[in-house]
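Novice: Read off the chains here:
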Amino acid sequence: MNTRQVGIAGMGVISPLGHSAEALFDGCLRNQSAVHPFEINLSGLDPATVPVASCDFDDKAIKTPSKITPDRGTAMALAAAKQAFQNSSLDMDQLDPDRTGLFWGSGMSGAHSFETICRQIYNDHQRLRPTSVLTTMPNAAVAEIALALKVKGHALAYACACASSAVAIGEAMRAIQGGWLDVAIVGGHESMLMPGILSSWQAMRVLAPLSHDLTQAHQVCRPFAEDRHGFAMGEGAGALVLESVEHAQKRAHDHSLYMTGYATNCDSQHITHPDPAGQVKAMKNALKNAQLNAKDIAYVNAHGTGTQSGDAAEAASLAEVFGPYGVPVSATKAVHGHLIGAGGVVELIIALKALQTQQLPATAHVQAVDRNFQIDLIRGSARSLQQGRHVMSNSFAFGGTNAVLIASLA
Amino acid sequence: MTPAPVFETIADLLIKKFEVAPEQVKEDALLEDLGMDSLGLMEFVFALEDAFNLRIPEDKLDPTQSGISLQQLSSIVQEALPKNPT
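Chains as they are written, first to last, in the working numbering: chain A, 1 to 410; chain B, 1 to 86.
Excised from the complex, chain A in its bound form:
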């Protein structure tokens, strides 16, 4: 076994399509869209209805180790991380806490609580909770997970918009490969389905506008389609437990899935418009890191937000790295929404389940692919994976951060 590889010991998911990796993947395979309308009625703003994909998740039922009532996103993070650990065969009491790490990403961690606090101050003229700072600080979820899972090694929060959790996973790989850690809990969360924050996103014109016929809202996000016009904001959390090959060997355990490649860089061109040159470099560097060629990749879960410029840049990048129509691609944001900081980990988990089950989910709701794109977009229904052991997941963020992950079957 190549010691550069890092084993995947467990997965956890809280998503709009369900609260397990299996439920998430099953929803993707069935093109079961969780997108629905969300009405915004705020004083001083025009009423609006925007598309969102929310989780059927009772954050009030989540007990934190700090006993603080958590932000909704932190509650999701804690649930996903604990689920991933419980699904692993690791025993917390057998781990060295100093060699156990936590790498966690979120784009706007604490956003849910932050909007609530703003309302309490400026609208309701209420007092603030003594834990207001502790629920909105960017490492709130890291703090709760570290307490719950007895992590005493690295405990780091990453904030690079839509690439946050992908970067967290990649940096954890490097810490394990570098010999600093045996085990790392990795992932990310996002929860900002609040009217003020959604209005801010709508003001940027990236949320897909809904037609008057709200019964069609579920298919409003159409990545790479001729008629694409934006995304639906999602919420949720995803987690993996990573383990060094050496540590797994000591407990006589073989993993079936491995993280094998990672690269990150920054376009440094524009705060929102992606640059294909940066994306191409990131994909090529991830392949180099995995010691693979482009033809070795059997499937790419694209960043694929459904915006005009984002999809155009990624389609050009994919065609350059893999050649025209060179690799099967799908963009599952069409059904689970854009989970921003949690998008990287949730979409990687979909790619991992594709490897496990040999089924590649389709990109839902796409009637016609943009005629300028030379990509093999899986449409209609899921496709069988005929051969191949390696998958790629792309995350390309506002701010220019690109992160590419490659995972492989044993």
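There could be a bad hint or two in this list.
What the hints assert, rightly or not - Below, a list of computed lysine to aspartate or glutamate pairs in the DMTMM-like style, where the Cα atoms sit at most 20 Å apart: (1) K16(B) / E27(B); (2) K284(A) / D376(A); (3) K60(A) / D12(B); (4) K250(A) / D91(A); (5) K16(B) / E49(B); (6) K67(A) / E27(B); (7) K60(A) / E115(A); (8) K83(B) / E49(B); (9) K16(B) / D59(A); (10) K67(A) / E49(B); (11) K67(A) / D12(B); (12) K152(A) / D96(A); (13) K60(A) / E19(B); (14) K150(A) / D93(A); (15) K63(A) / D37(B); (16) K60(B) / E79(B); (17) K17(B) / D59(A); (18) K82(A) / D96(A); (19) K67(A) / D50(B); (20) K63(A) / E19(B).
These are calculated hints, taken from the structure and not from any lab test.
Fit chain B to the given chain A structure using the hints.
Specialist: Frame of chain A, contents of chain B only:
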């Protein structure tokens, strides 16, 4: 003697929200003996005020001072509650 509903509401809050073991929740138990740190006590006083829809002045109950019993706490809440018209 503290009226039962006040103590029962406090007990309910401690057990259900702050996960204090029911056998610890006695009238003579001190707040500091219930396993809550200073932050937990601040959250508890906040939750207590919400439960009774009142504000307890800090000179009556400083959340960083935990050496009072649940019976004393019940009396402070009882005093702060609006009096029923007679």
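Novice: State for each hint whether it applies.
Specialist: The hints, checked one at a time:
With a CA separation close to 17 Å, the supplied pair K16(B) and E27(B) stays within the 20 Å bound. Between K284(A) and D376(A) the alpha-carbon distance is near 19 Å, which keeps this suggested pair within the 20 Å criterion. Taken as a hint, the K60(A) and D12(B) pair is honoured in the structure, with Cα atoms around 17 Å apart against an allowance of 20 Å. With a CA separation close to 13 Å, the supplied pair K250(A) and D91(A) stays within the 20 Å bound.
A threshold of 20 Å between alpha carbons decides the hint, and for K16(B) with E49(B) the separation of about 16 Å falls inside it, so the pair holds. Between K67(A) and E27(B), the direct Cα distance comes to roughly 23 Å. Violation of the 20 Å bound is thereby established for this hinted pair. Proposed proximity of K60(A) and E115(A) is supported: the alpha carbons are some 17 Å apart, at most 20 Å. Note on K83(B) and E49(B): the hinted pairing holds, with a Cα-Cα distance of about 16 Å set against a maximum of 20 Å.
Proximity of K16(B) to D59(A) is assessed by CA-CA distance (about 16 Å); at most 20 Å being required, the pair is judged to hold. Between K67(A) and E49(B) the alpha-carbon distance is near 18 Å, which keeps this suggested pair within the 20 Å criterion. Proximity of K67(A) to D12(B) is assessed by CA-CA distance (about 16 Å); at most 20 Å being required, the pair is judged to hold. A distance of roughly 9 Å separates the Cα atoms of K152(A) and D96(A); the hinted pair therefore holds under the 20 Å criterion.
Proximity of K60(A) to E19(B) is assessed by CA-CA distance (about 14 Å); at most 20 Å being required, the pair is judged to hold. Distance hint between K150(A) and D93(A) is fulfilled; the C-alpha atoms sit about 9 Å from each other, no more than 20 Å. Among the hinted pairs, K63(A) with D37(B) is consistent with the structure: their alpha-carbon atoms are about 16 Å apart, no more than 20 Å. For the given pair, K60(B) sits about 10 Å from E79(B) by alpha-carbon distance, which is consistent with the 20 Å threshold.
Only pairs whose Cα atoms come within 20 Å are accepted, and K17(B) paired with D59(A) is accepted, the gap being roughly 14 Å. Of the supplied pair hints, the one linking K82(A) and D96(A) holds, its CA atoms being roughly 18 Å apart against a limit of 20 Å. Pair hint K67(A) plus D50(B) holds up; C-alpha atoms about 17 Å apart against a cutoff of 20 Å. Using a Cα cut-off of 20 Å, the hinted pair K63(A) and E19(B) holds, with the two alpha carbons roughly 9 Å apart.
The structure does not agree with numbered hint 6 stated previously, though it agrees with all others.
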